[in-house]
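Hey, can you work out the whole structure from these sequences and the hints?
Given next are the chains, with one letter for each unit.
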Amino acid sequence: MKYRFVILFLLMYSFQVKAIDIKVKLYSGKNLDKAIVTPTSTDYYLIALDENLEPIDTIIDLYEEAQGNTLYFSETGELVDVNRIKHPLGKYEALLLVSKKKEKTFVISAAGKERIYNGNLQFRVYNGSLQVVNIVDIEQYVAGVVESEGGHIDTYEYFKAQAILARTFALKNWNKHISEGYNLKDDVSSQAYYSKCYLQNKDNIIKATYDTKDTVLVSKEECDLILTAFHANSGGQTANSEDAWVSKVSYLRSKEDKFSTGQPSYTWEKKVSKEQFLNYFKRQFGIKSDNKEFEKAVLSFTQKDRKSYFTYEGKRLALKNVRNDFKLRSTFFSVEESGDEVILKGKGYGHGVGLSQDGAINMAKQGYNCKEILYYYYNNVELENLNFLEL
Amino acid sequence: MKYYIISGEASGDLHASNLMMELKKLDDKAEFRFWGGDRMQAQGGTLIKHYKELAFMGFIEVLLNLRTILKNMRFCKQDIDTYKPDALILVDYPGFNLRIAEFAKEAGYKVFYYISPQVWAWKESRVKKMRRDIDNLYVILPFEKEYFAKHHIDAEFVGHPLIDAIEQRKAEQKDDFRKKNNLSDKPIIAILPGSRKQEISKMLPIMLSVEKDYPDYQFVVAGAPSQDISFYESIVGDKANIVEAQTYPLLENAHAALVTSGTATLETALFKVPEVVCYKGSSISYQIAKRLVKIKYISLVNLVMDKELVKELIQAELNTKNLKLELDKLIAGDRREKMLAGYEELEQKLGGSGASANTANSIYKTLSNEI
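Taken in order, these protein sequences are the chains called E and C. Counting in numbering that gives the first Met the number 0, the first sequence runs without a single skipped number right up to 390 at its last residue. Counting in numbering that gives the first Met the number 0, the second sequence runs without a single skipped number right up to 370 at its last residue.
Simulated from the structure, these hints should not be mistaken for lab results. Errors might be hidden in some of the hints.
In the DSSO-like style, the derived pairs of lysine-lysine whose C-alpha atoms are separated by at most 30 Å in a straight line are [stated by the list, open to error]:
(1) E/K101 / C/K127
(2) C/K128 / C/K70
(3) E/K112 / E/K29
(4) E/K212 / C/K271
(5) C/K76 / E/K171
(6) E/K212 / C/K104
(7) E/K171 / C/K48
Each pair of labels, with its calculated beta carbon distance range [what the hints assert, rightly or not]:
(8) C/K1 / E/D210: 38 to 44 Å
(9) C/R66 / E/K101: 40 to 46 Å
(10) C/S124 / E/D60: 32 to 38 Å
(11) C/R125 / E/A110: 30 to 36 Å
(12) E/N368 / C/E123: 39 to 45 Å
(13) C/D212 / E/D210: 56 to 62 Å
(14) E/Y209 / C/N360: 41 to 47 Å
(15) C/K149 / E/Y209: 21 to 27 Å
(16) C/G351 / E/Y209: 55 to 61 Å
(17) E/S178 / C/K348: 50 to 56 Å
Residues on chain E that point at chain C, a partial pick, calculated with CB under 8 Å [claimed, not checked]:
(18) I59
(19) L170
(20) L224
(21) L226
Every residue gets a Cβ at the ideal spot worked out from N, C-alpha and C, and that includes glycine.
The structure is reproduced here in structure tokens:
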């Protein structure tokens, strides 16, 4: 049929405009000097790139040669040195390992950790280190993030919700690291992406990712991609955005969250020396001498509902600072005296803003769908399918 | 009757304006409210948004302007509901228009779609929604009718609107193209290198590499409005002249053409200019794509004709030696004559002129029958 013959033309035309590949820096936070890569099949090209990352020439076609596919990349001054076993392949400004099919995988080993990914790999020396960037189809990336961020409990509608949040985050932060040559990092400063999706719940995660393909969460008021805040457990009440950070965000408002109550990370306890605890509060409030009234206020501090501050005589201390300084699971805690110690009895895990993962999993188990889950945790938002934009 | 028309690109503005002209001939009470451009504006009615405000090219630009796009979408729906048209006419621009079709159909409006999305090649999943949301679908390539019939959509083949647009151009009062652009009397070889930076950088130097072998001809490059003239100048040097946003006048005056694959191949054929189709993309993309599908032709000219009427030089085949070989055949001789004869057949296969009139007739008839 004639129309079939146009497909190649459109594919070629559309490769740059419609197939969305994301560039993710791997091993973020590590100064790499070498990496070892083994494609799991031979369907790869290794291509030399110039300083502008434009292709110069194909160095090897792993399709043609079946043996010895492990490649050794290392930083040598400003160039990347690449070798196969006993076979130097040269030094280049940059290199691109390209899979011929997007399903193909490779294993990469660097900084003492071995990982498996889909897609392509780009190497160059940047700021004195070997920069390794995974160029991967965005949906494969999303599935990897869902697994890395919370793929341990097999709940399909929850996976869908997480996939939508991961995609929304990626698109909202697309240009975050563009000046460094990639879109996002692979650690929690962006979103955790420690491998392709391949562990025990992979089938449902991948299905959830593709069933929500192109779908993102948008705020109705601002008509924009949302800030996809989520945490492990809200402790039964989510927090306002300004309680955890600075800005007030219309769709990140505190609300009662019955679905998190009683879930795995619902409660916690931490014992702290009473003296240390009281001295900390005194320092924060500039109180030098004994002040029984102040000590009583600290030692009897309780939260029935979430509070943002500990307040004394008109002065206030942000609980997010207390959480940070005492490394607490949440700000949602009350204080009990116990001899020389205080017991901090807390609820929830994380900053409490946006979606509670425990609550979302519970909702999914109770039969709520991903839309109901997302609309429960984010105010005045709607799902948008970006397919219509021909992205 | 009240018509609400949405087009989102320069070509849509052109084809929709011709459609408006034809509708006015049939319906002397026609009222228009539309998203489009200057040509539609010239036909009268109220312009809501100019396509220049809507034209976001490529993924990054779309992403950066997502807020504007979503707001436009919301505004459009509200505006349709306020205007309450007798007919919603969607012209090409499928990303936006298919979403509006979904809303409009559900809200009970009559939905006409002129210049169908090419779902047969890309995003076939949209067919189901098209069947649900579009009342009358007008297609412009002969094989599309058969395609949609297989998907239980009774599409109407109305002919290709480029034929109308080109005939209209031919009828216009013309400036002296050569004088206006300081061109000599030598016959012109037109170069249409595409509109995107990457393809221009890749193909234009190769297209120009044959220039020195044709001292009796002058090479003229068609500059796209989307690119700055200095970008062309940096590649062209003194090998050719460059004209900006004058593709049709250039083709009217051309003896032969070297054309990047795309709609321009069809336009060149309809201006009856013998051509060589050129394509050179990223070798990686091409090789991956080649593994996925079998290719016969990449130009619409050959696809519609179902034979190689125009020569396609793809990837490595696009080189100085081959270009010269093919261009020699186009300048004079049997190959040139055969191609010109084939162009007549092509025009017939494309339904001849009258796409806009055929579509207007069908829309008006449908609406009149329902009233």
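Consistency of the hints with the structure:
no.: 1; hint: E/K101 / C/K127; verdict: holds (27 Å)
no.: 2; hint: C/K128 / C/K70; verdict: holds (23 Å)
no.: 3; hint: E/K112 / E/K29; verdict: holds (11 Å)
no.: 4; hint: E/K212 / C/K271; verdict: violated (44 Å)
no.: 5; hint: C/K76 / E/K171; verdict: holds (25 Å)
no.: 6; hint: E/K212 / C/K104; verdict: holds (24 Å)
no.: 7; hint: E/K171 / C/K48; verdict: holds (26 Å)
no.: 8; hint: C/K1 / E/D210: 38 to 44 Å; verdict: holds (40 Å)
no.: 9; hint: C/R66 / E/K101: 40 to 46 Å; verdict: violated (30 Å)
no.: 10; hint: C/S124 / E/D60: 32 to 38 Å; verdict: holds (34 Å)
no.: 11; hint: C/R125 / E/A110: 30 to 36 Å; verdict: violated (45 Å)
no.: 12; hint: E/N368 / C/E123: 39 to 45 Å; verdict: violated (27 Å)
no.: 13; hint: C/D212 / E/D210: 56 to 62 Å; verdict: holds (57 Å)
no.: 14; hint: E/Y209 / C/N360: 41 to 47 Å; verdict: holds (44 Å)
no.: 15; hint: C/K149 / E/Y209: 21 to 27 Å; verdict: holds (26 Å)
no.: 16; hint: C/G351 / E/Y209: 55 to 61 Å; verdict: violated (45 Å)
no.: 17; hint: E/S178 / C/K348: 50 to 56 Å; verdict: holds (51 Å)
no.: 18; hint: I59; verdict: violated (14 Å)
no.: 19; hint: L170; verdict: holds (6 Å)
no.: 20; hint: L224; verdict: holds (7 Å)
no.: 21; hint: L226; verdict: violated (14 Å)
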